[in-house]
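Kindly generate the complete structure, drawing on both the sequences and the hints.
For the sequence shown, counting from 1, position 112 maps to 112 in the UniProt record's numbering; every step adds exactly one.
Worth double-checking, as some hints may not be accurate.
[Said to hold, decoys possible] Within a straight-line C-alpha distance of at most 27 Å, the following computed DSSO-like cross-link-like pairs (lysine-lysine) qualify:
1. Lys-269 to Lys-422
2. Lys-231 to Lys-86
3. Lys-173 to Lys-31
4. Lys-231 to Lys-79
5. Lys-371 to Lys-314
6. Lys-86 to Lys-100
7. Lys-173 to Lys-144
8. Lys-338 to Lys-269
9. Lys-269 to Lys-314
10. Lys-249 to Lys-144
11. Lys-231 to Lys-31
12. Lys-86 to Lys-97
13. Lys-74 to Lys-306
14. Lys-306 to Lys-231
15. Lys-74 to Lys-86
16. Lys-249 to Lys-136
17. Lys-422 to Lys-86
18. Lys-266 to Lys-153
19. Lys-144 to Lys-97
20. Lys-231 to Lys-153
21. Lys-306 to Lys-386
22. Lys-386 to Lys-374
23. Lys-231 to Lys-266
24. Lys-100 to Lys-74
25. Lys-269 to Lys-306
26. Lys-344 to Lys-374
27. Lys-344 to Lys-386
28. Lys-31 to Lys-144
29. Lys-266 to Lys-173
30. Lys-153 to Lys-344
31. Lys-422 to Lys-79
[Said to hold, decoys possible] Pair ranges (Cβ atoms, derived):
32. Lys-97 to Gly-142: 37 to 45 Å
33. Arg-168 to Ser-315: 24 to 32 Å
34. Gly-229 to Gly-111: 47 to 55 Å
35. Glu-330 to Lys-136: 58 to 66 Å
36. Glu-62 to Glu-467: 29 to 37 Å
37. Pro-391 to Arg-171: 52 to 60 Å
38. Gly-278 to Asn-206: 22 to 30 Å
39. Ser-101 to Ser-315: 24 to 32 Å
40. Leu-368 to Pro-391: 51 to 59 Å
What the hints contain is simulated information worked out from the structure, not anything from laboratory work. Computed from a prediction, not measured in an experiment: that's the story for all the values here. Positions of the beta carbon are idealized from the N, C-alpha and C atoms, including for glycine.
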Amino acid sequence: MYYDIVIIGTGAAGMSAAVTAMEYARLNNKKVSILMLEKMGEDMWGGNSRYTTANMRFIDEEHFDPNIEETFKKFSKGKANMDHVKVIANNAVDTIKWLKSLGVQFENRTGRWAGHGLPRIGPVGGGLAIISTLRKYAESYGVKILFNTTAWKLSLDEEGRVNGVWVRDERGKSYRIGAKAIILACGGFEGNYEMLVRYIGREATNLVMDNPATPIHQGECINMALEIGAKTSGDFGNWHGAVIDVRSKAYRPRVDLYFFGIMVNKDGKRFMDESGMGDIHDSFEVAARKVFEQPDHMAFIIFDNKVYSIPNYKSLVWTDLPPIVANNLEELAEMLNKEWGVNKENLLRTIREFNSSVQPGEFNPNILDGKHTKGIDPPKSNWALKIDEPPYMAYPVTATVQFTYGGLATDTNARVLDTNEKPILGLYAAGEIVGLYYHRYPGATSVLRALIFGRIAGINAVDYVTEEK
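Below is the structure:
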């Protein structure tokens, strides 16, 4: 079996690569054959892209975030590859125009979430709408998709160029598919506890898988690229995650009400500035990591009846379960002590000290209002409201892993680099598998960068496989 280009993965990166490659080939009177490999079946194709809301960092459809380079520098502490960030900035608007030309509709999501939120747009129907539209075009162009097929080893010719991939089908049969170019678009290693422990630490086994696709991401493509000498990039010791209701079995039962209350651990003590991180989309992973550092990887969001007067507060509560409710603080502390082992005396003391520290000022949930505490550590920088209006409520929460940061190094043409920073001929990568993020995730960029570099990979792969000898 032979194809000019084999794309591993059917998410945003893989699908954008396939469609763009075919469009580019047709436009330039080139003929290429493309095969896509998907390890799951028809009901689970698309990886994380299938489940994401796919927020994107735009003011509107024609104006991308003008501060994106500054944000990447700040969040990565200067480690991000700024050449890649500039590619994202320079191609963002055209990528949206391209998707719209294919029929993907976008909506303005600014203000959809309670709390301070920077401008955002997103596809109507989320990530699934994007990849479903792209799949329709890919198949109409003649791209073939093999489901239930897992890639496990790259093959090279005598000169070190990629010339195929070994795969395993659903019956366990292993065979080689020849190809002149391979595009790796198969995600990270967030579903592989062995790799999470290796890079993040032994406690990583306690991270909750974020969505049904999370366990799929085993890092095979990263490992098989490393086996042929690929260079790594990105922060292998960090991950993107969220705060969820520990009681719920529902899909992604997020609770982000800590912005408007306090968060304590089992010792009954606060451990972070719950509203000092800025925009909700840039900060919820910070909260998740802080929660994960606590005893038993748990925390408790404490708030009172005032939350219900905040416009759109429900946007911060995705869980299917109600909060723990009490008529007074002593009762709430007793309930949390009995059911979860929270230190009752410390919790009551924490709330008293917090209430005493709240400074006067106007509360405004739509901006970083500066309504703060004074004289306690950690402080609360915004939205500091006394917890003094019954009923009193709590959510027990833990942390999820959504995607990992560490991956492969590529150049701006999406070519995978070796440890000498030279391109591995015939090997391309896009999406989560490419290590771009360090320390902290600039929210609403992951799907967009997958689409952009998927397109770049598709174009360059076509040029490579059709170049004159």
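| field | Non-conforming hints, listed in increasing numerical order | value | Going through the list in order, the structure violates hints 1, 3, 10, 11, 13, 14, 16, 18, 23, 24, 29, 30, 32, 33, 40 and respects the others.
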